[in-house]
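> Chain residues, written in single-letter form:
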Amino acid sequence: MALSAKSLKVGDAHTARLVEDLKRTQIVQYAGASGDYNPLHTDEIFTTQVAGYPSVFAHGMLTMGMTGKMLTDYVGDARLTKYGVRFTSQVWPGDTLEATATLKAITEKDGAKIAEFDVKTTNQAGVEVLSGYAEARLDD
Amino acid sequence: MTAQERERQLATKTFPVEAGHILMFARSVGDDNRVYSDADYAKTTEAGGIIAPPTFAQASAQFDPDYGLRPKIGQPWFGSGKNATGITRAPGGGGGGGGGGLHAEQHFEYHRPLKAGDVLTATTTPGKTWEKEGKRSGKLVFSESVTEYRDQKGELVITARGVGVRTERPVEQPAEKA
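So the sequence lines, in the order shown, correspond to chains S and X. Just so we're aligned: 88 in our numbering is position 88 of the first sequence, and the numbers increase by one with no gaps anywhere. Just so we're aligned: 30 in our numbering is position 30 of the second sequence, and the numbers increase by one with no gaps anywhere.
These are calculated hints, taken from the structure and not from any lab test. Cβ atoms here follow ideal geometry from the backbone N, Cα and C, with glycine treated the same way. Don't take every hint at face value.
Cross-link-like lysine-lysine pairs, in silico, BS3-like; alpha carbons within 30 Å at most [as the list claims (entries may be wrong)]:
{"id": "1", "chain 1": "X", "residue 1": "K132", "chain 2": "X", "residue 2": "K43"}
{"id": "2", "chain 1": "X", "residue 1": "K132", "chain 2": "S", "residue 2": "K82"}
{"id": "3", "chain 1": "X", "residue 1": "K153", "chain 2": "S", "residue 2": "K82"}
{"id": "4", "chain 1": "S", "residue 1": "K113", "chain 2": "X", "residue 2": "K153"}
{"id": "5", "chain 1": "X", "residue 1": "K153", "chain 2": "S", "residue 2": "K23"}
{"id": "6", "chain 1": "S", "residue 1": "K113", "chain 2": "X", "residue 2": "K115"}
{"id": "7", "chain 1": "S", "residue 1": "K6", "chain 2": "S", "residue 2": "K23"}
With the Cβ distance kept under 7 Å, some of the chain S side facing chain X (calculated, not the full set) [claimed, not checked]:
{"id": "8", "residue": "A16"}
{"id": "9", "residue": "E20"}
{"id": "10", "residue": "R24"}
{"id": "11", "residue": "D43"}
{"id": "12", "residue": "F46"}
{"id": "13", "residue": "Q49"}
Bound conformation, chain X alone (with noise of 0.2 Å):
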């Protein structure tokens, strides 16, 4: 592991659990349910208040300064503008490559609900990785991450593991799509 590498293992990221962006984030998945948009309503229900999707902290990326998948002021950006890309990739990248591969595998483990107003601090550790021919798009190489996320107390809210894969070449869809 690089000096960089063992850095970003202990970096811990703040993520302010805000009902503005429980409502955006609600709507975008398509979720009309009023414990996600009305404080009201939701002191009315067993949650005693706004609380946040099964989902909602994948949004944490937003808080994250490194995050790769947000266009950065001043910086290169690999989706199209005047070209097809914003920068020359090296080849062979695949299908997945353009941009840090594709979400294999999500999990959440909830140890109580995520509220609005919740400042969440979340430290994320790299996982393990591991190799597997693929049949609809060459090798895959697969990469586990787990990201705690500890409320002001420093109890523990929510656990997630992603699994994150690189394919050598685009997915090949399945025969029922083509």
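Extracted from the complex, chain S is given alone in its bound form (with noise of 0.2 Å):
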């Protein structure tokens, strides 16, 4: 299941689709499992009329978070061991999201071996709307 160092190579790139089409509900969803409720992510009367808004739009940590299960299906259960974003650009309902992990160092600490990844989304325009980086703990 995890990643081993040996199969690795500086570069190397994994990306994978997170939505399609990204629904209202599932914002949602998101919502309710996350206790953020903040009315700009579910409320369009409120988003448009009062915040000012074209219409609601993603918990920037839903992006995170399905940006999140690239990595884990990546490295691997329980291998993480930093995993950091900044949201660059809002998520809309109807967003296509794609997100890649990019390989830029293997280094050692503690006796294990450690992958850095660069981890970016990007929607169907091809706007990047995450920026980040991961850690990842490696099999030799």
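Hints given; two lone chains; assemble the complex.
Next up, the structure:
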């Protein structure tokens, strides 16, 4: 399941489709599970009439959560040691997202091999919506 | 720092990590990995049992009695009802103003996997604040907070650093979107 250092080289990239045509209901589902009920994500009337946005939009943390699936599917369960992101553009209902992890380096820490990845998620127009990094423990 | 801020800085919250909550959270991010939902399967994996997805610590908001982005019984709520907002807000709050701003960054450091059955204690300390002039949303005010999640033995499980931003006006969309 987990990645081995032997099978990797710097520059290797792994891409996964995270969601196709993001539904408002999934954003509602994330609000309920995470506990973040900010109306900007679920309340179209508030968001368009009071906050001044064209429609509700996804929680940044929903995009980070979906991107996290790409990472854990790739590096294996319980292998991440670091994961951090910046939210660089909003994600809207109807968006289709793809995320890529690119291997930047393999280092060693406490006798274990650690992979360092650049992480990036883009929408159907090629606009970057999330930019970050991750580190994961590798097999030898 | 006011007395109230000092109290908040030291406030700790209890976060029980429950299997049913992990299941719902994993579904909401579109993750069907059985290590988040099937205890028998999870036992056969390296994780050794049900674990939480990497961003699950964010759902500790459910257990924070003071969390501001959840409607509370008997209290006004700023989302729409009869009117577009349930409260009268001070003018000039800007786009992100409704609801405590927007989330700019989130960072996690995992000291060990988070498991169903863990009972964490979360301690949040405010970090630095800074300002920037944004091209798409006017003046931006950033503020950082660091939360340490410790287990029953007091051992550090996750360190989380979040950055929030308040915008002067709603964020303009890139040309590709328009």
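> Give a verdict on every hint.
Tested hints:
As the CA atoms of X/K132 and X/K43 are separated by approximately 48 Å, the hinted pair breaks the 30 Å bound. At roughly 27 Å between alpha-carbon atoms, X/K132 and S/K82 fall within 30 Å of each other, so this suggested pair holds. A distance of roughly 22 Å separates the Cα atoms of X/K153 and S/K82; the hinted pair therefore holds under the 30 Å criterion. The suggested pairing of S/K113 with X/K153 holds, with an alpha-carbon distance near 28 Å, which does not exceed 30 Å.
Taking the CA atoms of X/K153 and S/K23, the gap is about 41 Å. The hint is violated against a cut of 30 Å. Only pairs whose Cα atoms come within 30 Å are accepted, and S/K113 paired with X/K115 is accepted, the gap being roughly 23 Å. For the hint linking S/K6 to S/K23, the alpha-carbon distance of about 40 Å lies beyond 30 Å, and the restraint is violated. Look at S/A16: its Cβ only gets to about 11 Å from chain X, farther than 7 Å, so that hint breaks.
For S/E20, the shortest C-beta to C-beta distance to chain X is roughly 10 Å, which exceeds 7 Å, and the interface hint is violated. Below 7 Å, beta-carbon pairs count as interface contacts, and S/R24 has none with chain X, the closest being about 13 Å; its hint is therefore violated. Annotation: interface hint on S/D43 holds; nearest CB of chain X at approximately 5 Å, less than 7 Å. Interface hint status for S/F46: upheld, as the beta-carbon distance to the closest one in chain X is roughly 4 Å, under 7 Å.
With a least beta-carbon distance of about 4 Å to chain X, the hint placing S/Q49 at the interface is held under the 7 Å criterion.
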